[in-house]
Amino acid sequence: MQLIACPWCGPREEVEFSYGGQAHVPYPDSPAELSDEEWAHYVFFRDNTKGRFAERWNHNAGCRRWFNAIRDTTTYRFESVYRLDDPKPVTP
Amino acid sequence: MSTPFRTPSGGRIDRATTVEFTFEGQTLTGHPGDTLASALLANGRHQVATSIKLGRPRGIAAAWAEDPGGLVQIEEPFPEPMLLASTVELSDGLVAHGLPGQGRLADVPDSARYDAVHHHVDVLVVGAGPAGLAAALTAARAGARVALVDEQSEAGGSLLSGTERLDDAPALQWVAAAVAELAASPEVLHLQRTTAFGSYDDGFVLALERRTDHLGAAAPKHVSRQRVWRIRARAIVVATGAHERPVVFADNDRPGIMLAGAARTFLHRYGVLPGRDAVVFTTNDSAYDAALDLHRAGVQVQAVVDARPEGSPRRREDCELAGIRVLSGAVVTGTQGVERVTHALVAPFADGEVGASTAIGCDLLLVSGGWNPAVHLYSQARGRLRYDDALGAFVPGEDLDGLSVTGSAAGVLDLPGCLADGQRRARAALTALAIPPAGEDRLPAAPEPAVPAAPLVLWRVPDTSGADGSTSFVDLQRDATVADIARAVGAGLRSIEHVKRYTTIGTAHDQGKTSGVLTSGITAELLGIPVQDTGTTTFRPPYTPVAFAALAGRDRGRLFDPERVTALHEWHVAAGAVFEDVGQWKRPRHYPQPGEDMAAAVLRECAAARTGVGILDGSTLGKIDVQGADAAVLLDRLYTNLMSSLKVGSVRYGVMCGVDGMVIDDGTVLRLAEDRFLVLTTTGGAAKVLDWMEEWVQTEWPDLRVHCTSVTEQWVTFPVVGPRSRDVIGAVFPDVDVTNEAFPFMTWRDTTLDGVPVRLARISFSGELAYEVYVNPWYAIAVWQRLLEAGRPYGITPYGTETMHVLRAEKGYPIIGQDTDGTVSPHDLGMAWAVSKKKPDFVGKRSFARVENQNPLRKQLVGLLPVDRETVLPEGSQIVEFLADGQLPPPPVPMLGHVTSSYRSAELARPFALALVRGGRERIGETVHVPLNGTLVPVEVTGSVLVDPEGARRDG
Ligand SMILES: [Zn+2]
Numbered sequence: 001m002q003l004i005a006c007p008w009c010g011p012r013e014e015v016e017f018s019y020g021g022q023a024h025v026p027y028p029d030s031p032a033e034l035s036d037e038e039w040a041h042y043v044f045f046r047d048n049t050k051g052r053f054a055e056r057w058n059h060n061a062g063c064r065r066w067f068n069a070i071r072d073t074t075t076y077r078f079e080s081v082y083r084l085d086d087p088k089p090v091t092p
Numbered sequence: 001m002s003t004p005f006r007t008p009s010g011g012r013i014d015r016a017t018t019v020e021f022t023f024e025g026q027t028l029t030g031h032p033g034d035t036l037a038s039a040l041l042a043n044g045r046h047q048v049a050t051s052i053k054l055g056r057p058r059g060i061a062a063a064w065a066e067d068p069g070g071l072v073q074i075e076e077p078f079p080e081p082m083l084l085a086s087t088v089e090l091s092d093g094l095v096a097h098g099l100p101g102q103g104r105l106a107d108v109p110d111s112a113r114y115d116a117v118h119h120h121v122d123v124l125v126v127g128a129g130p131a132g133l134a135a136a137l138t139a140a141r142a143g144a145r146v147a148l149v150d151e152q153s154e155a156g157g158s159l160l161s162g163t164e165r166l167d168d169a170p171a172l173q174w175v176a177a178a179v180a181e182l183a184a185s186p187e188v189l190h191l192q193r194t195t196a197f198g199s200y201d202d203g204f205v206l207a208l209e210r211r212t213d214h215l216g217a218a219a220p221k222h223v224s225r226q227r228v229w230r231i232r233a234r235a236i237v238v239a240t241g242a243h244e245r246p247v248v249f250a251d252n253d254r255p256g257i258m259l260a261g262a263a264r265t266f267l268h269r270y271g272v273l274p275g276r277d278a279v280v281f282t283t284n285d286s287a288y289d290a291a292l293d294l295h296r297a298g299v300q301v302q303a304v305v306d307a308r309p310e311g312s313p314r315r316r317e318d319c320e321l322a323g324i325r326v327l328s329g330a331v332v333t334g335t336q337g338v339e340r341v342t343h344a345l346v347a348p349f350a351d352g353e354v355g356a357s358t359a360i361g362c363d364l365l366l367v368s369g370g371w372n373p374a375v376h377l378y379s380q381a382r383g384r385l386r387y388d389d390a391l392g393a394f395v396p397g398e399d400l401d402g403l404s405v406t407g408s409a410a411g412v413l414d415l416p417g418c419l420a421d422g423q424r425r426a427r428a429a430l431t432a433l434a435i436p437p438a439g440e441d442r443l444p445a446a447p448e449p450a451v452p453a454a455p456l457v458l459w460r461v462p463d464t465s466g467a468d469g470s471t472s473f474v475d476l477q478r479d480a481t482v483a484d485i486a487r488a489v490g491a492g493l494r495s496i497e498h499v500k501r502y503t504t505i506g507t508a509h510d511q512g513k514t515s516g517v518l519t520s521g522i523t524a525e526l527l528g529i530p531v532q533d534t535g536t537t538t539f540r541p542p543y544t545p546v547a548f549a550a551l552a553g554r555d556r557g558r559l560f561d562p563e564r565v566t567a568l569h570e571w572h573v574a575a576g577a578v579f580e581d582v583g584q585w586k587r588p589r590h591y592p593q594p595g596e597d598m599a600a601a602v603l604r605e606c607a608a609a610r611t612g613v614g615i616l617d618g619s620t621l622g623k624i625d626v627q628g629a630d631a632a633v634l635l636d637r638l639y640t641n642l643m644s645s646l647k648v649g650s651v652r653y654g655v656m657c658g659v660d661g662m663v664i665d666d667g668t669v670l671r672l673a674e675d676r677f678l679v680l681t682t683t684g685g686a687a688k689v690l691d692w693m694e695e696w697v698q699t700e701w702p703d704l705r706v707h708c709t710s711v712t713e714q715w716v717t718f719p720v721v722g723p724r725s726r727d728v729i730g731a732v733f734p735d736v737d738v739t740n741e742a743f744p745f746m747t748w749r750d751t752t753l754d755g756v757p758v759r760l761a762r763i764s765f766s767g768e769l770a771y772e773v774y775v776n777p778w779y780a781i782a783v784w785q786r787l788l789e790a791g792r793p794y795g796i797t798p799y800g801t802e803t804m805h806v807l808r809a810e811k812g813y814p815i816i817g818q819d820t821d822g823t824v825s826p827h828d829l830g831m832a833w834a835v836s837k838k839k840p841d842f843v844g845k846r847s848f849a850r851v852e853n854q855n856p857l858r859k860q861l862v863g864l865l866p867v868d869r870e871t872v873l874p875e876g877s878q879i880v881e882f883l884a885d886g887q888l889p890p891p892p893v894p895m896l897g898h899v900t901s902s903y904r905s906a907e908l909a910r911p912f913a914l915a916l917v918r919g920g921r922e923r924i925g926e927t928v929h930v931p932l933n934g935t936l937v938p939v940e941v942t943g944s945v946l947v948d949p950e951g952a953r954r955d956g
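Residue numbers (the UniProt record's numbering), protein chains in the order written: chain A, 1 to 92; chain B, 1 to 956.
Calculated directly from the structure, the hints in this document are not laboratory data.
Watch out, some of these pointers could steer you wrong.
[Said to hold, decoys possible] These stretches of chain B come out as covered by chain A in the derived footprint (C-beta under 8 Å, 3 or more residues): (1) 407-419; (2) 688-698.
[Unchecked claim] For the chain A half of the interface with chain B, some residues (derived, Cβ under 8 Å), not all of them: (3) TYR27; (4) ASP36; (5) ILE70; (6) VAL90.
Cβ atoms here follow ideal geometry from the backbone N, Cα and C, with glycine treated the same way.
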C-alpha cells in the first residue's frame, strides 16, 4: 500500500484516496458549440500514458480535497503533487 | 516414558518440565522449547504423513518453514489444518495427526481473538540472526526508532543451530546481551514469533505475530491469539537468512532423509539425534559441520559423500581425525527403505557420469546442495534477482530505495561477514535517513572463518540406467518429479512460470522454498540455457501461510462492515420487522403479522397506504445542506431542471446526470432560504452525490460561494402516506393548516411540537396524499409514537421498503440503480419534463443532443402486465418478441431489454413490472414475451404509470 502525499495533510495511506482520472481536462467553455465528436472527446477520451502522467486525486477519507499529481504509470511512484490552482509542473 | 533419541544434555529445551502430546493417537512426551517435529524425532518418529498423489511415506525433512514433508493437522487445542510439524511449538495436550497434503477446516467457530496494530519506525529489521541483530543494534544505538521481528521463538537465527563462539564465549551469550540491550532501548520494538510475510510499497510490511499459539490450551482468553502488525518503515533491512537446498536423486523422499543443516538444528537447539547411522551427501563444506557435530554426539556417520572431485581437503582432514569416511567424487544415486530410509546407494561421480552404486546402511541421510538466500521480501518489493554462479543461487541484484538485504539472505555465508554486513547495511540506512550513527557501536569478535572449498552446483544426480526421474522428487508436497519437468520441457514450455503451472511445482503449502531454485536449475539444464535466463517464478506474499482469521482480525461478524441503524431501530425490532440491507443501513423490509409471509404482509401494507394511512421510517434518505450565495447556481448546473426559480417554502423534484447525460441520482430539493437548499438523495446515492457536488465545486467552479454538508443523520424522516394522512398530521400538528390551499403539494412548512422544531413536506413517493415529517433524531421515537397514536383510528400501518417499492413502482417512479444502469437518460425514463430547455447549460445537457441519444430505438422505461395475471416476473428477466409469423426468431434471439422491477400489486390485483425495452414507448399495447422456466410468458407493454395515471390522489 502506497503512501500518497496530500498537499494539505501530508503522506497518508493510499486507501484514503480515490482516483479522478487525467488532470487538466477542463469542462469546455461552450459545450453547445462543439460537434458530437469534439464533445465525445471531452466525455470519453483520455490519454493512456506510459510513464509520467498528470492525474487528479481526491483525499476523500481525509480532508476531502482534490489535488493533482504527477505519477509514473509504470512504477506507480508519485513524483509530485500540486494544488488545483498550481500550473502543471514541467516534467523532464 | 522414554524418548530414545533425546541427547542426555544440551539444547534450548526445558528438560525439567515434560509435556504430553498425542500424534496419530499415540501419546508421546516432549519438553517446552520443542517443536512438534523435534518431539517426534526425539521419540524416533520420522514419518509424518503420506504424499498427496502417490501415497508415499513422508517425514520431517527440515527444521523450519522450508520443510516440504511434515504437514500436520492440529485437532487440539483448536482444529487447524496444514501446519508444519517443524513450526508448531509443542504444548501440553496438543493433539495432531499427519496430513496427506490436504487438511480440514474446523467445523466450529474460532473463538480466539485476532487483532491488528499499526506501527511506524525509522528502521525495520527482519530477522534476529547475527546480521539482523547487528543491524538492529546499530540502528538502536543511533537512537532510531527500530522494530526487530523474527519468526522463531527466540532470537539468534543460525546461532541457535550451531556451536559458534563470539567474544570468546558461546555466541548465544552475545545474543542474550544484544536482546537485553535492545529491550533497554526505549525506541525499539522487538517481536519474536513474528513472521514478516509481505513487503509492499513505500516501506509497508505486514507481519504476523503468534502471541499465544505456543501456550496451547493454557493460552489466556483475553490475549489475541495472533496479531497482524502493519509496519510502515522508512528503511527496511532484510536479514531473513538462507534455506538449505537439497540435491535431487532417485527416491529422495523417504522419511529419514533431511537437510544437513536441519539435523544440526535438531541436535543443538532441541537436543535430538535424528538417527543413529548417518550418511551425509553434500556439494559444499557446510554439511561437514553436521557430520562432525552428529559424530561427536554419538551418531555413527557411515560416510560423507562429496560430489566434488577433490571434496574439501581441509574438511576431509577434520573427518579423518574423527574417523569419518569421506567419499569424494561420489554421489547418492538412490535409496532403499519403505517407511524409513535403510540404505543410501552411493556411486562414483566424475565428469557428469555416474558409476556403479554400492548400498550403505543408514537410518538418516543428510543432504546439502548449497544455500538459497531467502530473498522473498526483497523480491516482493520488486527487487531484481541475479543468479550467482558460485553459490548456485539467486541473490539480490540491486539496492532498492529504502530496502536492503544483509547476511546470508544477501549471500554472505560466514559469521563475521554477516555481523559486519548487518552493521554496514544499518549504517547505510541511517545515513539515508540523516540519522547520525552512534560513536560506540562495537561488533563482537568472531574467529576468522576458514576459506571453504568452492561448492559444486549440482541440481540433480544424473539418472542411472533404468531410472527415468519419476521418483526423483523436486517438490515433495506436489509429488512432482524431474520426469514432470522433463515432460513440461518436452511439451515445449520454456518459461519457468509455465513450467511451474504445468508441473504444479511450488504451488503447495511451502510455495517452493526448497523446490523453486531446483526447478529453475533443472529446467535450464534440460533446455541447455543458463540458469539466469530461466530466472525464478514470482515471489508473492505471504511468505508463509497466514490464517484468514488473522487477516480478518476484528473485522468479522457484526464488525465486518459498519451497520447503520435509524433512531427507531429498537422500535422496528420490537415490532417484528424483517430487515434488509440497503448499503450499510438496516431497513425494515416489512412487518409481518402472525401467520403472514412477506407477500401477504406487503399486500396488507400496500392496501393500508392506498386506502387508509401508512407510515414509513425514511430516515436513511440522503440529505445534503447546500448553503451559500451561489447555492442556486450550483444546483442549476448539476440538476437537469431549473432550481434557481424554486420559491422559498417549495419543493422540486430533480434529476442529476453525468456529463454523458445518463441519470446518476434523483430526489427532491427543498428551498429553505434564498441562499440555502436541502437536497434529498436516494439512500444509496447520498455519499456519491455529495462527492459529485464537491468535485465540481472544487475542480471546475472554485469561484462559487457554496458549501455542501451531509445532514443525513441530523434529521429523521417519516413519510405519512395515504388518504387519511391529512387527518393524522392535522391531529399531531394542530398549529399547521394542512388544507391543500394553505399547504399545497410540493411545499414544506416548519412547525414545533412541544417546543421541538419539526419540518413537514408535501412530498409523495407513492402517488397518495402524503406528508414527510422531519425532526431531530433525539425526538424520533416520541414523534413516531404520536403519529401512530393519532393514526390509530384510521388503522395506521407501519410499512417497510418492500411496500415502498411496490407503491412507487405502481406509479412508475424509477429507483436509480435498479431501474437504471448508467446507460439511461432522463428521456429514456420518460422524464423529458424534468429537463430544462431554458438553461443554457448544465452537466449532461450537451450529451442529450448527441445523435445516439436521439435514437428512437433506445431502451425506454415501460410497464409490463403478465397476461395470465398470475406470474411475478423475476427481476432481470430478458424480454423477446415473436416474428410476424408468431414464431421466435432463430437463435441468437435478439433481446429487447429486461425486467427491472417486479411486484404483486394489491391495487391492481395482479402482478406487474417495470422494464427497459428497446423503443418501449412505441410498443405500448403490444405483447412481448419473457422466457421463464422453459416457457415464454406473454406480457403486455403498458405505460410506466399503472396506478392513478391522472395524479388525482396526491391531494387527497
Ligand atoms: Zn488531505
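The hints, checked one at a time:
Counting residues of the segment 407-419 of chain B whose CB falls under 8 Å from any CB of chain A gives 0; the rule of at least 3 is not met. Counting residues of the segment 688-698 of chain B whose beta carbon lies closer than 8 Å to any beta carbon of chain A gives 4, which reaches the threshold of three, so the coverage claim holds. A hinted interface residue such as TYR27 (chain A) counts as satisfied when its beta carbon comes closer than 8 Å to some beta carbon of chain B; here the least separation is about 5 Å, so the hint holds. Because the closest C-beta pair between ASP36 (chain A) and chain B is about 5 Å apart, less than 8 Å, the hint holds.
For ILE70 (chain A), the shortest C-beta to C-beta distance to chain B is roughly 17 Å, which exceeds 8 Å, and the interface hint is violated. Contact between VAL90 (chain A) and chain B, as hinted, is not supported at the beta carbon level, the nearest pair being about 22 Å apart and thus beyond 8 Å.
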